[in-house]
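Trainee: Chain by chain, the residues run as shown.
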Amino acid sequence: MIGAAQRTEYPALRIFFKTIAARAYPRVMAANRQKTWLFFDMAFPVVGALAMVLVYEGLHAPRQYLGFVVMGGAMLAFWQNVLWSMAAQFSWDRGNGTLELYVISPTTFEGVLLGMALGSMFTVTSRAVVILVLGSLLFGVTYTAAGTLPAIGVFLLTLSALYCLGMLLASLFLFYGREAWHLSNAMQEPVNFLSGLYFPVHALGAYVGGAASLVPMTLGLDAMRQLLLPGTPVFIPAGVEALLVAIQVPIFAVLAGISLRYMERRARRDGKLVTRWE
Amino acid sequence: MPRQLIGFAAAVRLGWAVSSNWTRPILFVTYAVLRPISVALILAVMYSVITHNAAAARPYLAFLIIGTAFWSFIQEGVSEFATGILEDRGRYHILKYSYMAPLGFPVFLLGRATSKLGSAAASVVIVLVVGTVALQLPINPLRIDYPLLIAACILAFISVIAFAITLCMVLLAGKDTHGYGEIMAQFLYLFSGAIFPIAVLPGPIAWLAALSPLPYWLELCRRAILHGQVYRMFPSLSDGDVLLRLVIATAGTVVLGYVLYRWTDRRARGLGYIDMEANW
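Going down the list, the protein sequences come from chains B and R.
Counting with the numbering used here, you get residues 1 to 278 for the letters of the first sequence.
Counting with the numbering used here, you get residues 1 to 280 for the letters of the second sequence.
Note that these hints are calculated values from the structure, not bench results.
From the three backbone atoms N, C-alpha and C, an ideal C-beta is built for every residue, glycine too.
Fair warning: there could be bad hints in the mix.
Cβ-Cβ distance ranges computed for the label pairs, FRET-style [as the list claims (entries may be wrong)]:
#1 Phe-122(B) - Asp-176(R): 20 to 26 Å
#2 Arg-33(B) - Arg-91(R): 20 to 26 Å
#3 Ser-105(B) - Gln-4(R): 39 to 45 Å
These stretches of chain R come out as covered by chain B in the derived footprint (C-beta under 8 Å, 3 or more residues) [what the hints assert, rightly or not]:
#4 46-52
#5 117-125
#6 181-190
Listing some non-contacts, in silico: residues in chain R with all C-beta distances to chain B over 12 Å [as the list claims (entries may be wrong)]:
#7 Pro-2
#8 Leu-34
#9 Leu-41
#10 Leu-110
#11 Cys-153
#12 Arg-267
#13 Ala-268
Please take these sequences and the hints and turn them into a complete structure.
Mentor: In structure tokens:
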């Protein structure tokens, strides 16, 4: 008789955390191995921000507006990452056959997505810091030192909410084939506009700004600007904005969980987990 | 009909089908216009924050909106076209068949690029309509100088297609160049005078930008649509002078593009780039 392999049952929590680490690993390591993408990740927001800086130069805007653009450019790197590497990721995974492996493994989609999010946060933060430092030096932007620590706190809250939103979008994108590409593309600029990436959110007015606050970047970025750039027109006081972003974190996390369960059931029923070349 | 023309028409149809058959036409148009409209709105808000909508600054708003509207041609013609050709190779694995077809590869590329420019036309019109209605730009369709606009656009399309075809041949050399068309379009954005006058650029870069056909094309579009009611990048030049510069810059782009195309094409065949596995 051939000796049967020793089967070990691991607790679910251990599998969950190991999944997070396993999925975060390629996000951190592979992203830095591919030098062309390193350039791509940084060049896109820098060039976009540079264009907007030159628009302000053309309009003879006060210098503080250049600071809005530089901070917006740094945050753009995160939104791009959420759209292309979180929301649309399951579509790519389905295309290359990884999604079906996730489904038959003993782990959960939440573990996979959290791993993606943590890995991405680390990688994109390093790129965003480069964009921020480079942009600030290039355009002579200065910040309020006293606001640095609270701004870092708001930044971490914003990242948590943003990536929870990314998990929610990932579940919705589970059904998309080629639409995923177009949907991500279509969501890029409207959110850049609504979140006030290149201008103070205050300029959008109460209604549009209020509706745009559903995207955590809107409130988070505005709060960070208030804390770091003196003279930022106040949309809502920074403390309230931070509180609202903090509330968004569990809301998006729970919604993502519910949506993932529902979409997975539907995808199994409709055979969407293995469909390719749509 | 000559065989080349039939082939060209087939390539246009193919390009249109690949771009649009993933959804219904209305949804396709919605997606296509979301981006340029959002960019136009971003610029309009930036403008109003700084100028407080002062009457004296209105020509500059017109400058921004018309530049953004016509930029869709570059976005589609350069970025989306390059992505499409790289997708043909890496994702659908059909590029080698297009290359081997008796039609001739340049005709195929020309057709694909033309379909991209065609699909951009809808977003150009919609952004101009939004600009007229929502931002109250004084655009009157009956007062547009159509001969000037059409002449400028034809010349610009020739140079955009020449540039885009050369770019995609260069990008075939990379395994993971997906996304570089977008970056290149972003760089052109800086050099084109689409959203700020090229005079704002630092000296040597402004000089380089002046060699490109794009600033002259956009200047002529603005003049053709709004005559004297728009900010001018080249106030000392007459319409004829700007057109002449556009002709020269277009001729330069086509000649340079042709030379580079022949070189990159030979290289692609020699090194097996046409059917290279690109790990899509």
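Trainee: Hint by hint, note whether the structure agrees.
Mentor: Hints, one by one, checked against the model:
Checked against the given bound of 20 to 26 Å, the beta carbons of Phe-122(B) and Asp-176(R), roughly 21 Å apart, stay inside it. Taking the beta carbon of each, Arg-33(B) and Arg-91(R) are about 22 Å apart, inside 20 to 26 Å as hinted. Judged by the Cβ atoms, the range 39 to 45 Å given for Ser-105(B) and Gln-4(R) is violated: they are separated by roughly 53 Å. Counting residues of the stretch 46-52 of chain R whose beta carbon lies closer than 8 Å to any beta carbon of chain B gives 6, which reaches the threshold of three, so the coverage claim holds.
Interface restraint, the stretch 117-125 of chain R with chain B: violated (0 residues with C-beta to C-beta distance below 8 Å; minimum three). For the stretch 181-190 of chain R, the proposed coverage by chain B is satisfied: 6 residues have a C-beta within less than 8 Å of a C-beta in that chain, meeting the threshold of three. No beta-carbon of chain B comes within 12 Å of the beta-carbon of Pro-2(R); the shortest separation is about 34 Å. Remark: the non-interface label on Leu-34(R) conflicts with the geometry, its nearest Cβ contact in chain B lying 5 Å away (cut-off 12 Å).
At roughly 5 Å from the closest C-beta of chain B, the C-beta of Leu-41(R) falls inside 12 Å, breaking its exclusion from the interface. Consistency note on Leu-110(R): stated as away from chain B, and its beta-carbon is indeed over 12 Å from all of that chain's, at 24 Å minimum. With a closest Cβ-Cβ approach of about 23 Å to chain B, Cys-153(R) is found to remain outside the 12 Å limit, as its non-interface label requires. The claim that Arg-267(R) is not at the interface with chain B holds, since no C-beta of that chain comes within 12 Å of its own (minimum 19 Å).
The non-interface label for Ala-268(R) is consistent with chain B: the shortest C-beta to C-beta separation is roughly 18 Å, beyond 12 Å.
Comparing the model with each earlier hint shows violations of hints 3, 5, 8, 9; every other hint is respected.
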